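Following the hints, complete the assembly by docking chain B onto the known chain A.
In case you want the letters, here they are:
There are 2 protein chains.
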Amino acid sequence: MTQSSPTAAVLIIGDEILSGRTRDTNLNTIARFLAALGIDLLEARTVGDRADQIIAALNALRGGHDYVFTTGGIGPTHDDITAECVARAFGVALAEHPEALAILERRYGGDFNAARRRMARIPEGGTLIANPVTDAPGFRIGNVFVMAGVPTIMTAMLEDVAPRLRTGAVVHARTLKVTGVGEGDVAALLTAASLASRELSFGSYPFGAGTVGEIGTNLVIRGRDEAAVEAAASDLMADLTAAGIPVTVLI
Amino acid sequence: MTQSSPTAAVLIIGDEILSGRTRDTNLNTIARFLAALGIDLLEARTVGDRADQIIAALNALRGGHDYVFTTGGIGPTHDDITAECVARAFGVALAEHPEALAILERRYGGDFNAARRRMARIPEGGTLIANPVTDAPGFRIGNVFVMAGVPTIMTAMLEDVAPRLRTGAVVHARTLKVTGVGEGDVAALLTAASLASRELSFGSYPFGAGTVGEIGTNLVIRGRDEAAVEAAASDLMADLTAAGIPVTVLI
Numbered sequence: 213m214t215q216s217s218p219t220a221a222v223l224i225i226g227d228e229i230l231s232g233r234t235r236d237t238n239l240n241t242i243a244r245f246l247a248a249l250g251i252d253l254l255e256a257r258t259v260g261d262r263a264d265q266i267i268a269a270l271n272a273l274r275g276g277h278d279y280v281f282t283t284g285g286i287g288p289t290h291d292d293i294t295a296e297c298v299a300r301a302f303g304v305a306l307a308e309h310p311e312a313l314a315i316l317e318r319r320y321g322g323d324f325n326a327a328r329r330r331m332a333r334i335p336e337g338g339t340l341i342a343n344p345v346t347d348a349p350g351f352r353i354g355n356v357f358v359m360a361g362v363p364t365i366m367t368a369m370l371e372d373v374a375p376r377l378r379t380g381a382v383v384h385a386r387t388l389k390v391t392g393v394g395e396g397d398v399a400a401l402l403t404a405a406s407l408a409s410r411e412l413s414f415g416s417y418p419f420g421a422g423t424v425g426e427i428g429t430n431l432v433i434r435g436r437d438e439a440a441v442e443a444a445a446s447d448l449m450a451d452l453t454a455a456g457i458p459v460t461v462l463i
Numbered sequence: 213m214t215q216s217s218p219t220a221a222v223l224i225i226g227d228e229i230l231s232g233r234t235r236d237t238n239l240n241t242i243a244r245f246l247a248a249l250g251i252d253l254l255e256a257r258t259v260g261d262r263a264d265q266i267i268a269a270l271n272a273l274r275g276g277h278d279y280v281f282t283t284g285g286i287g288p289t290h291d292d293i294t295a296e297c298v299a300r301a302f303g304v305a306l307a308e309h310p311e312a313l314a315i316l317e318r319r320y321g322g323d324f325n326a327a328r329r330r331m332a333r334i335p336e337g338g339t340l341i342a343n344p345v346t347d348a349p350g351f352r353i354g355n356v357f358v359m360a361g362v363p364t365i366m367t368a369m370l371e372d373v374a375p376r377l378r379t380g381a382v383v384h385a386r387t388l389k390v391t392g393v394g395e396g397d398v399a400a401l402l403t404a405a406s407l408a409s410r411e412l413s414f415g416s417y418p419f420g421a422g423t424v425g426e427i428g429t430n431l432v433i434r435g436r437d438e439a440a441v442e443a444a445a446s447d448l449m450a451d452l453t454a455a456g457i458p459v460t461v462l463i
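Residue numbers (the working numbering), protein chains in the order written: chain A, 213 to 463; chain B, 213 to 463.
Be aware that one or more of the hints could be misleading.
No copy is singled out in the list; a pair is fine if it fits within one copy or between any two copies.
[To be verified] Taking lysine to any residue and the SDA-like style, the derived pairs with C-alpha atoms no more than 25 Å apart in a straight line are:
(1) 389 - 324
(2) 389 - 363
(3) 389 - 421
(4) 389 - 244
(5) 389 - 320
Everything labelled a hint here was simulated from the structure, so no lab data went into it. This one's a predicted model, so the numbers in the text were calculated from it and none came from an experiment.
Here chain A stands alone, though its shape is the one from the complex (with noise of 0.2 Å):
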């Protein structure tokens, strides 16, 4: 485990996810981005759309991560604060940026009304980051990536983020499925083998609980350094084997 990983964290927001009427998506997303960049994602809090709250957890968090990225906020539609909120936090004017107006001018032509002009305010300092789905742009200030919430937008935002981040040492993973048993059966062997490899995580994610189908539980071994995890992998398969326990290699 290098020391010098980036760190991360993620800021959900919107009311529509904790009314419950839209379950989100972008989390996850942004976790496999970040963990295929080596980037350590350590955080993650939803707020609705209210000022103080968006600042409060964005001064929070940009203080505590390499990285925070953003999802929600950013539409022509009064609820759609993000941008004022991150003006704030960081104590600059939120002014119309000459490029983001460049970009809405073109797509909306004689469309281009007053909503959809707030779209093109960016605080002061901040760079665009492209939106090759509906063109309005979202926009890094610091360390804080500012992204759509509409999830095919947000993806597509996050091909123009990637170059912009310093990456580190991928994570490795190995996932032995153990069936038939449930993860009190292993829970020995698992802390014997996290103990003789502290380098390592070892985590226990059963499944079938409440079903008619089959239980087991995954057991999953990470860590920077892909021959420990290998060799952990295998003497742990060794190790549940010889206990006469039901294991196969997943992933």
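Frame of chain A; chain B shown alone:
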């Protein structure tokens, strides 16, 4: 909008969410559960299996809300540290709970080993939350409800949580579906509607971006006064129709 509606926060605990291995669905389940009870979910946080993070997040949330609901980390394996962290956050001992012990002994019989016995440890003063799926209980201490991470189990536990909550006036919602135009085309009317009914909340949730199908936006009006919500929906519908914008009442 009554001032007396209880507020709540959710704390999702688990490395598997932040690594991207697992897509959380519990937040949405809890959000819908609380909405039906008229409890305002104001915030959610996701942290990994790290004691310092769990304790800090729990203390921040339980001080700021009427209720906190946690998911994850109460199983039998070494990475299940939620009960211990809750005890530390409250400054109480973590001891075997006689009733939990009896439940687990009954379930596991001869397979009741040391790992499974860990699940009988409940912070002092805690009361059990029934788990009809796999028996191992969750618990409540103070204003904190500690539940399993496995969605089927967590959902079942909510049945035993519901009767212990003070409920509020339910929030009513109407959704107007606008098609064929973007949300920028309805933003001005939506802003006017929100200014005319400040006690209600108005959201806009666009759909169809980046796809070949129809585009549009769902306008959601929410509030605790059902008649006010319906009147505002009716007025906004009339305004949209007068402006030549295609709109239907979705729900």
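Outcome of the hint check:
| no. | hint | verdict |
| --- | --- | --- |
| 1 | 389 - 324 | between (55 Å within a copy, 22 Å between copies) |
| 2 | 389 - 363 | between (31 Å within a copy, 19 Å between copies) |
| 3 | 389 - 421 | within (15 Å within a copy, 39 Å between copies) |
| 4 | 389 - 244 | within (21 Å within a copy, 33 Å between copies) |
| 5 | 389 - 320 | between (52 Å within a copy, 22 Å between copies) |
Consistency with the previously given hints is maintained throughout, with no hint failing.
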